[in-house]
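Start from chain A and add chain B according to the hints.
Taken in sequence, the protein lines are chains A and B. Residues 45 to 197 in our numbering are what the first sequence lists, from first letter to last. Residues 26 to 653 in our numbering are what the second sequence lists, from first letter to last.
The hints are simulated quantities; they were obtained by calculation from the structure and are not laboratory data. Each hint should be verified, as a subset may be incorrect.
As the list claims (entries may be wrong) - Here's a subset of chain B near chain A, in silico, CB distances under 10 Å, partners left out: (1) Phe-338; (2) Arg-418; (3) Val-617.
Note that the coordinates shown come from a computational prediction; the quantities given were computed from them, not determined experimentally. Each residue gets a CB set at the ideal place from its N, CA and C atoms; glycine is no exception.
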Amino acid sequence: MKERLEQVFSAHAGTSAELIPILQQVQEEFGYLPEEAMESIARFLRVPASRVYAVASFYAQFRFSPMGRHKVSVCTGTACHVKGADRVLDGVERVLGVSEGETTEDGEYTLETVACIGCCGLAPVLTIDDEAHGRLTPQGADRLFAKGEDSRQ
Amino acid sequence: MTTSTAIRRPTELHARLVLPDVEIGICLGTGGVAAGGDEVFAAFEAGLAGTGVFAVVKPREDTCPGSCASIIGTGCRGMCAMDVLVDVLTRKEGVESKVTYGTVTEKMVAKIIEEHIIGGEPVHKWIVLSDDEPTSHNEFYQLQDRLVLRNCGTIDPEIIDDYLEAGGYRGLYKVLTEMTPERVHQEVLASGLRGRGGAGFPTGLKWKFAAEAPSATGEKFFICNGDEGDPGAFMDRSVLEGDPHSVFEGMAIGGYAIGADHGYVYVRAEYPLAIKRLKIALKQAEDRGLLGANIMGSDFSFHLKIKEGAGAFVCGEETALMQSIEGKRGMPRLRPPFPAQSGLWTSPTNINNVETLACVPWIITEGAEAFAGRGFEKSKGTKVFALTGKVKRSGLAEVPMGLTLRDVIYSIGGGMKDDKEFRAVQMGGPSGGCLPASLLDTRVDYEELNETGAIVGSGGMVVLDVDNCIVDTARFFLKFTQAESCGKCVPCRVGTVRMLEILTRICEGKGVQEDIGLLETLADDIKAGSLCALGGTAPNPVLTSLKYFREEFEEHIHEKKCRAGACAELTTYWIVAETCTGCRACSRACPVDAITGEKKEVHVIDPEACIKCGACYQKCRFDAVRRQ
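One chain only, chain A, in its complex shape:
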């Protein structure tokens, strides 16, 4: 872990304004923010570890436990809400067998909701990693993951 952190730190000067970009890059590297990494960040920036944790826990982007290989985000923004985002979420929860915020047992998918990804014209929408899928129905969500399974085999 040490070398990977050094690698991230090497691109920064060590000022406290760099805290958020560093947290983002560390999470990019590890998939989440390990406790040990946050302590190293605190030492590198010469700020208390509590400050690192305070900032990390404030922003929705940061997570403190590992996530699945793929991130599924169901958009629950206004346009998606009025077009049945709740039902899409229910559908995805049923297909994956997990609730919002959880990761499937095989470590394949982590299911999250997002406030709005800004493609309201295609509502309701979900994203798998960075790829958006629009005009969904609960049944369409079923098919999306069934298809994903095939392509992986």
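For chain B alone, kept in the frame of chain A given last:
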């Protein structure tokens, strides 16, 4: 104003062009990509190369061997409901003709290439817009006045020459060569431009304050607020993705006007494509000397950095945003001091929203009068709305201020989807409110909308039909603001939780008469006791709903009834034996297998297993599935 004679015109900076015989523009905004834009792009590339008729050239290649065609990915042109949109422009003997195809899939590409691009005859059945023949979708653009979105959908945002060719960086050139900083804020003030992020503060005045503020640190900052967080608004994303240079140019002009030589573009992490395109655009602008040190050879320098947000709605509030750039928790602070006096790292700082900044180069090149000539009373220019929900044509529409809501929804939006009855239009997201049909003739104008209790806000316009419950919608927004409250002010942190509890119990049929009064009292307290606009406006969706749709709250409380059938606890579904044909459409649609019955025999819903998703209700063609 600089007197340097070395300043180079932006027109001298872009490459020479060869006009291809065929130009194909494919929407690769977030909406276009989600609908399969990348696949369509690849299909055109492969398809055209396979014909042997056209050489596929890069859009900026200087030579064209025989017949050539170029393919570009553009930003969003607004008609997102029709994505993937593909423009095909053909040039024959100097005559240009352009058509736009809608809902294009990979499978349609071969036919378009064969019949249109090679055969010369457009595939009429797929055309949504055309230079030559009117289509039903022409209405979408008829009332629009695309000024902020002037380049969105027509230029390739990853190629700076496209922006330069469209007149880009001429505004910056003009201020550097002809205008003093004072003259710039006077011009912007005269245009009547007001902040498009929601507050509606005059931009020129904001610049004047920042310009006149003394700086103890010797530095000033210019920030672009791209933390577009209102669910249901996506105009800033579209501008950042489709025309990033217009925002940079607006910032550089603003930086010159207030005396800042450093700027930040703060963008939501949820907009990865916008971040990618901004980074590409920044590099290109720096390479051409249009940003960075000694811009265009003048003595004005403006250094830009892109800052990625980390997922906090409250960071759209300017003081919270600055905290976030400084690497802290994004919590708003008391004003004064205003950012113009003491902002980022205590230096005078100016913050404008993306759409506001995209107006600036236009105002400078076309003149303040051209901008002020559009609009209505105190609201000048245009506003981009994200029209979504239950309308036929959802998407982005830029209209002159002063148009009525009815014009936007029924003319541009094409009216209600599936011709269902209009219930309400939600304006301004979590800070705004729901307006009933009787207010559809309200104008899009800061003052007129404020009077109703809704706001222009960032421009989200979500249309609701009879299947949407007003109480549930109010609860939806409150759930959002409650989750996004930063926790600093107690009335906002705790008050929104209490309001949400009350709304939830009303939706579940457990509400009592006192709840309405309690909601109103709490709303007043939260508004009065919160430091920033998040808390100050959080109760608005509930208050406007109570103002215009009080009877629906009362129905939920007294009759335990949700007329929209949206509140699951108050809704039951059953099948009427007389009209059921046993077609099985409902049982196939049911995600939990709660519907049983043999083919051609009456089906039955098991009320215990039913999750009240309404899938059967939507699917039944014989009016046999009923709900109450």
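Now the hints, each set against the structure:
Because the smallest distance between the Cβ of Phe-338(B) and any Cβ of chain A comes to about 7 Å, under 10 Å, the interface hint for this residue holds. The beta carbon of Arg-418(B) is positioned within 10 Å of a beta carbon in chain A (closest approach about 9 Å), and the interface hint is therefore held. For Val-617(B), the interface hint holds, the least distance from its beta-carbon to any beta-carbon of chain A being 8 Å, beneath 10 Å.
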